[in-house]
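Sequences listed follow chains A and B, in order.
Under our numbering, the letters of the first sequence match residues 32 to 332, in that order.
Under our numbering, the letters of the second sequence match residues 32 to 332, in that order.
These are calculated hints, taken from the structure and not from any lab test.
Quantities reported herein were computed from a predicted structural model and do not represent experimental measurements.
Any given hint might turn out to be false.
The list treats identical chains as interchangeable, and a pair is accepted whether it falls inside one copy or across any two copies.
Computed cross-link-like contacts, DSBU-like style, restricted to lysine-lysine with a CA-CA straight-line distance of at most 35 Å [what the hints assert, rightly or not]:
| id | residue 1 | residue 2 |
| --- | --- | --- |
| 1 | LYS196 | LYS245 |
| 2 | LYS245 | LYS145 |
| 3 | LYS208 | LYS245 |
| 4 | LYS145 | LYS196 |
Listed below are the residues making up each chain.
There are 2 protein chains.
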Amino acid sequence: MLPFARVTIVGLGLIGSSIARAVQATMPTVRLTGYDASAEVRERVRELGFVDDVADTAGTAVLDADLVIMCVPVGAMGAAAAEFADDLPADAIVSDVGSCKASVLAELSEALPKATIIPAHPVAGTENSGPDAGFATLFNGRWCIVTPPPGADPVAVERVTSFWKRLGAAVETMEPKHHDLVLAVTSHLPHLIAYTIVGTASDMEEVTQSEVIKFSAGGFRDFTRIAASDPIMWRDVFLSNKDAVLEMLQRFSEDLTALQRAIRWGNGDALLDLFTRTRAVRRSIIEQGQDDAAPDFGRHH
Amino acid sequence: MLPFARVTIVGLGLIGSSIARAVQATMPTVRLTGYDASAEVRERVRELGFVDDVADTAGTAVLDADLVIMCVPVGAMGAAAAEFADDLPADAIVSDVGSCKASVLAELSEALPKATIIPAHPVAGTENSGPDAGFATLFNGRWCIVTPPPGADPVAVERVTSFWKRLGAAVETMEPKHHDLVLAVTSHLPHLIAYTIVGTASDMEEVTQSEVIKFSAGGFRDFTRIAASDPIMWRDVFLSNKDAVLEMLQRFSEDLTALQRAIRWGNGDALLDLFTRTRAVRRSIIEQGQDDAAPDFGRHH
């Protein structure tokens with residue numbers, strides 16, 4: 032039996048449109064409704080055809096839904112939910128895909144005080160954005176973290192879990208606060224660092240922009256992929272998960288200062304020790320199927 | 032006409048073994064001799080068969096060479112060259128593939144005061160090491176930077192340039208000092224940052240190592256590839272290009288502090304501005320063929 036029969040997706044970018052495509056592929060009898068605040072995106076989605084209906088207002092989009100998934104930037108969750116609060120069926124479950132869970136739970140709870148809210152976060156994506164960027168297999172073999180609020184209905188949690196498993200994801204349950212700390216390390220800090228280094232490299236006087244681009248295969252190009260991620264989405268993540276991000280940033284800066292000192296004083300052993308340890312982390316990630324084993328991410332040579 | 036007839040490669044790891052395989056593929060009449068300080072590597076290379084001869088000493092390896100390419104860590108260049116100094120033919124050209132050019136030029140010039148030295152740096156590689164990791168197409172479409180010393184013989188420079196072009200690389204000529212500054216931005220700083228962040232993530236108390244691995248697809252896994260690069264090679268790079276690396280690190284730290292402040296004070300506009308700028312850098316890299324246009328580096332989903 033399918034966990035949901037009528038699914039509404041609010042926000043039809045990379046993640047929303049990937050969920051829709053994955054639902055079409057794995058649960059073809061589900062009735063899919065989509066809504067996006069942008070008229071241009073709604074028009075494009077009508078052409079692409081990965082939902083049964085594109086609604087022109089959030090209210091009409093949720094009218095008969097049994098699952099509503101919010102796929103908007105985390106800073107826009109509250110306002111987007113308020114738009115359909117009066118039209119939400121009493122028995123509908125509201126979920127989302129935001130990268131921060133404590134702030135999203137707070138915003139959705141305030142906007143929808145009577146709704147059953149089961150937040151979730153599929154740890155998957157690419158650097159591209161918009162309804163054309165999505166694809167049905169994005170969640171295959173990736174983790175989806177479900178963060179039910181205290182006292183959440185176990186049946187509702189189970190239905191959301193079952194939904195994500197059908198899309199190909201493995202599901203883990205976590206406290207929202209702990210999720211935010213884990214993702215600050217594995218996602219938010221890496222994005223912040225990547226954005227920074229790409230900015231630093233762009234602002235050199237002695238090295239031209241064209242040299243930076245030309246010789247980027249020495250390592251720099253890896254960072255530019257992440258630093259090409261959606262600017263609004265990531266602005267909201269850093270502002271919404273401020274405390275955990277600042278804490279991780281502080282630790283990173285301390286570690287960087289220690290390494291800087293080792294270089295300045297020619298302490299090769301300290302460098303060698305760290306560089307040997309980090310090699311093992313890559314091996315674990317590949318062993319656990321969280322990245323491609325092919326060298327250079329399998330880039331074509 | 033081939034630029035060289037008898038090529039000796041000293042150091043048979045990822046780069047040395049890739050050059051040998053590329054020479055076999057593109058210049059099959061060239062006589063290839065290999066030498067490696069490790070008896071185990073020499074034995075393995077005899078099995079792999081990508082050189083005509085594996086010599087057991089550096090001296091015998093260079094006896095009849097017209098090109099000797101040093102493919103050892105930059106900190107080992109001087110000692111490795113001293114080993115064969117007495118056996119080097121007077122008309123041989125000595126080149127290398129090191130990631131720092133000023134220090135390597137100084138070391139090689141001291142060890143081989145009479146030799147014609149034309150340093151070079153192919154900006155290519157993977158995170159893997161050793162003679163099994165190399166492949167013939169590694170340099171296809173990549174840049175090789177040649178850094179001739181002042182007053183270098185133009186014919187010798189032309190022969191080294193021609194050699195690299197035959198291996199598939201595009202060649203650019205640069206001053207050694209400028210090379211070291213450009214690569215500090217596009218390669219050395221990115222590696223240093225990647226090593227640091229992987230170390231930071233491994234040392235968390237509140238987030239387990241297994242959580243870091245599990246949820247690494249949120250961005251972290253990208254950094255682990257670079258942080259799996261050869262530890263000895265990279266220790267030597269940071270110690271050899273100390274001044275430029277420390278200068279870049281200082282700039283990066285300032286930029287990171289500015290971003291930290293923007294997050295702390297909730298300055299979303301500053302974040303959005305940077306994140307929009309960095310997106311354009313990625314586009315340029317793809318337009319100039321320096322990375323795969325496929326989303327997520329073309330990883331399999």
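Okay, the hints, checked on the actual structure:
Only between protomers do LYS196 and LYS245 lie at most 35 Å apart by alpha-carbon distance; the minimum there is 16 Å, versus 42 Å within a single protomer. Taking identical chains as interchangeable, the C-alpha atoms of LYS245 and LYS145 lie at most 35 Å apart only when they sit on different chains, with a minimum of 34 Å there against 55 Å within one chain. With identical chains, the CA atoms of LYS208 and LYS245 are at most 35 Å apart between copies only, with a shortest distance of 17 Å across copies and 42 Å within one. For the homomeric pair LYS145 and LYS196, the shortest alpha-carbon distance inside one copy (27 Å) is at most 35 Å, but the shortest distance between copies (68 Å) is not.
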